[in-house]
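There are 2 protein chains.
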Amino acid sequence: MEAVLLGSGNVATHLGRALVGAGHRIKQVYSPTLAHARALAETLGAETIADLNAIDANADLYIIAVKDDAIETVAVQLPAALRGMVVHTAGSVAMTVLAAHAADYGVLYPVQTFSKAKAVDFSAIPLAVEASGEAALGRLEALANDLSKRVFHCDSRQRLSLHVAAVFACNFANHFYAIAADILDTHRLDFDLIRPLILETAQKVMEHQPKDVQTGPAIRNDIQTMEKHLELLGEDPALVALYRLISERIR
Amino acid sequence: MEAVLLGSGNVATHLGRALVGAGHRIKQVYSPTLAHARALAETLGAETIADLNAIDANADLYIIAVKDDAIETVAVQLPAALRGMVVHTAGSVAMTVLAAHAADYGVLYPVQTFSKAKAVDFSAIPLAVEASGEAALGRLEALANDLSKRVFHCDSRQRLSLHVAAVFACNFANHFYAIAADILDTHRLDFDLIRPLILETAQKVMEHQPKDVQTGPAIRNDIQTMEKHLELLGEDPALVALYRLISERIR
Numbered sequence: 003m004e005a006v007l008l009g010s011g012n013v014a015t016h017l018g019r020a021l022v023g024a025g026h027r028i029k030q031v032y033s034p035t036l037a038h039a040r041a042l043a044e045t046l047g048a049e050t051i052a053d054l055n056a057i058d059a060n061a062d063l064y065i066i067a068v069k070d071d072a073i074e075t076v077a078v079q080l081p082a083a084l085r086g087m088v089v090h091t092a093g094s095v096a097m098t099v100l101a102a103h104a105a106d107y108g109v110l111y112p113v114q115t116f117s118k119a120k121a122v123d124f125s126a127i128p129l130a131v132e133a134s135g136e137a138a139l140g141r142l143e144a145l146a147n148d149l150s151k152r153v154f155h156c157d158s159r160q161r162l163s164l165h166v167a168a169v170f171a172c173n174f175a176n177h178f179y180a181i182a183a184d185i186l187d188t189h190r191l192d193f194d195l196i197r198p199l200i201l202e203t204a205q206k207v208m209e210h211q212p213k214d215v216q217t218g219p220a221i222r223n224d225i226q227t228m229e230k231h232l233e234l235l236g237e238d239p240a241l242v243a244l245y246r247l248i249s250e251r252i253r
Numbered sequence: 003m004e005a006v007l008l009g010s011g012n013v014a015t016h017l018g019r020a021l022v023g024a025g026h027r028i029k030q031v032y033s034p035t036l037a038h039a040r041a042l043a044e045t046l047g048a049e050t051i052a053d054l055n056a057i058d059a060n061a062d063l064y065i066i067a068v069k070d071d072a073i074e075t076v077a078v079q080l081p082a083a084l085r086g087m088v089v090h091t092a093g094s095v096a097m098t099v100l101a102a103h104a105a106d107y108g109v110l111y112p113v114q115t116f117s118k119a120k121a122v123d124f125s126a127i128p129l130a131v132e133a134s135g136e137a138a139l140g141r142l143e144a145l146a147n148d149l150s151k152r153v154f155h156c157d158s159r160q161r162l163s164l165h166v167a168a169v170f171a172c173n174f175a176n177h178f179y180a181i182a183a184d185i186l187d188t189h190r191l192d193f194d195l196i197r198p199l200i201l202e203t204a205q206k207v208m209e210h211q212p213k214d215v216q217t218g219p220a221i222r223n224d225i226q227t228m229e230k231h232l233e234l235l236g237e238d239p240a241l242v243a244l245y246r247l248i249s250e251r252i253r
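Protein sequence lines, in the order shown, are assigned to chains L and Z. The first sequence begins at 3 in my numbering and counts up one residue at a time. The second sequence begins at 3 in my numbering and counts up one residue at a time.
Hints are computed from structural coordinates only; laboratory data are not their basis. Worth double-checking, as some hints may not be accurate.
Note: identical chains are not told apart, hence a pair may lie in one copy or across any two.
Here are the computed lysine-lysine pairs in the DSS-like style, where the Cα-Cα straight-line distance is at most 30 Å [as the list claims (entries may be wrong)]:
hint, residue 1, residue 2
1, K120, K151
2, K213, K230
3, K120, K206
4, K230, K118
5, K213, K118
6, K151, K206
7, K118, K206
8, K69, K120
9, K213, K69
10, K69, K230
11, K206, K69
12, K69, K151
13, K213, K151
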């Protein structure tokens, strides 16, 4: 396929590399920030555009990989006469935001968190696909199967639920890592001391359901230990309240 | 060293194996449940005892590796004339609970979560040591260095803070994995879809501080996305409240 990549952030970067790696061609990379577009376009062997009027109307696929709240802004600016399908890559944005701006449209959502500096094995990333019709879905699915071994269908509502689940399991879990780092820092201990424990906790749920491997004082209803923890957290009422709330839920 | 192991749970099992692996000898394994003591004692080449009166008074070390709230109960029952040092392995229990029951005493706390079925590389586990005096500390530290490359000193208060930090970063993080699993289940999606994301989130903090890699709608103050998430969670008021609370903290 010949694709145009609209965006130059983490998702655009990793998806662009995966597409080129699978033998597809990126014709153009668009970003409102020309320098960003240029940097990515160079690595993908693509043309750089900083103006959506310069978009190639004959590509097979237009991938809007920008921040969730900027998708519609980009879609609105697309020329009317594009030949190919338009897709976005977001978890929380309904497919229908593209309906007024393209004949064929869809979503290609990689369920992973990306950092520019860190390579990922794209073939292991679950890829959610959704499209406006059977034919479009067939084409998008074929492309997705070139990129990943874990392609699955899901509608916009399911995709949103996946995004919410990811907020809990990842964004919120990371916030708890940050709370742990603060507690250790307060007591002059290094965050490095609990890194093996964090990794082991994540690795445990790779083969088990989380509820089957829940440990800690709350699940044991070990009140004596929880009281000691609350006493230690005593100087921070918000943390005390949070500790009580989560422990109550676990119990 | 010749040691007596008081306990037959996960910590006792992994610590016992590591001691034997490092060339030390486990003379006896005690458990109030004789079958448990016997199963572990067999793998360690040790004698089984189900009565603390049968304890060998000439060992170098007595390791109390039982549940936090049972440590004192075991310590109280120890014969007065033990030759060696008595240590416990708990995160949240002060060293001083052993003071009335032994001449030399201390703590050897492995900062890791253990499952009986899963092997761990003990040499990579941070081991906190604390002892009642300089000489005892020297002996305990030497032993700890045989077991792990990551031995560190910490007092009982610091150890408690480490335990609280572990509750947030591990027990509470796992609870958020469980919430994610529930949300996915409600929308007929498999938990397996976010496993790569969970692992990547943990791996990111192996080299970074959590606050430097925080992602998600809350840190971006992406109100539109958060509103969609809250709408999806709407049927569960407790989850809505939790989502708001954690998002507020992150922001």
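When Cα atoms must be at most 30 Å apart, do K120 and K206 count as within-copy, between-copy, both, or neither?
This pair counts as both: shortest intra-copy Cα distance 23 Å, inter-copy 9 Å.
30 Å Cα cut-off: does K213 pair with K151 within a copy, between copies, both or neither?
within (27 Å within a copy, 32 Å between copies)
30 Å Cα cut-off: does K120 pair with K151 within a copy, between copies, both or neither?
Both: 20 Å inside a chain and 28 Å across chains, each within 30 Å.
Is it within, between, both or neither when you check K213 against K230 at 30 Å Cα-Cα?
Close inside one copy (25 Å) and across copies (26 Å); limit 30 Å.
Measure nothing new, just compare the shortest in-copy and cross-copy C-alpha distances for K69 and K120 to 30 Å and report within, between, both or neither.
So K69 and K120 pass the 30 Å test inside one copy only (20 Å; across, 41 Å).
Up to 30 Å between alpha-carbons, please classify K206 paired with K69: within, between, both or neither.
between (32 Å within a copy, 21 Å between copies)
When Cα atoms must be at most 30 Å apart, do K230 and K118 count as within-copy, between-copy, both, or neither?
between (42 Å within a copy, 27 Å between copies)
Evaluate K213 and K118 at a C-alpha cut-off of 30 Å and name the case that applies: within, between, both or neither.
between (33 Å within a copy, 17 Å between copies)
Cα distance capped at 30 Å. Does K213 pair with K69 within a copy, between copies, both, or neither?
Between. Shortest inter-copy distance 21 Å satisfies the 30 Å Cα cut-off; intra-copy 33 Å does not.
Can you give me the call for K151 and K206, within, between, both or neither, at a CA distance of at most 30 Å?
Classified as both: same-chain Cα gap 23 Å, cross-chain 23 Å, threshold 30 Å.
Regarding K69 and K151, is the shortest C-alpha distance of 30 Å or less found within a copy, between copies, in both, or in neither?
within (26 Å within a copy, 44 Å between copies)
Taking 30 Å as the upper bound on the Cα-Cα distance, should K69 and K230 be classified as within, between, both, or neither?
Between. Shortest inter-copy distance 15 Å satisfies the 30 Å Cα cut-off; intra-copy 44 Å does not.
In summary, this structure violates none of the numbered hints.
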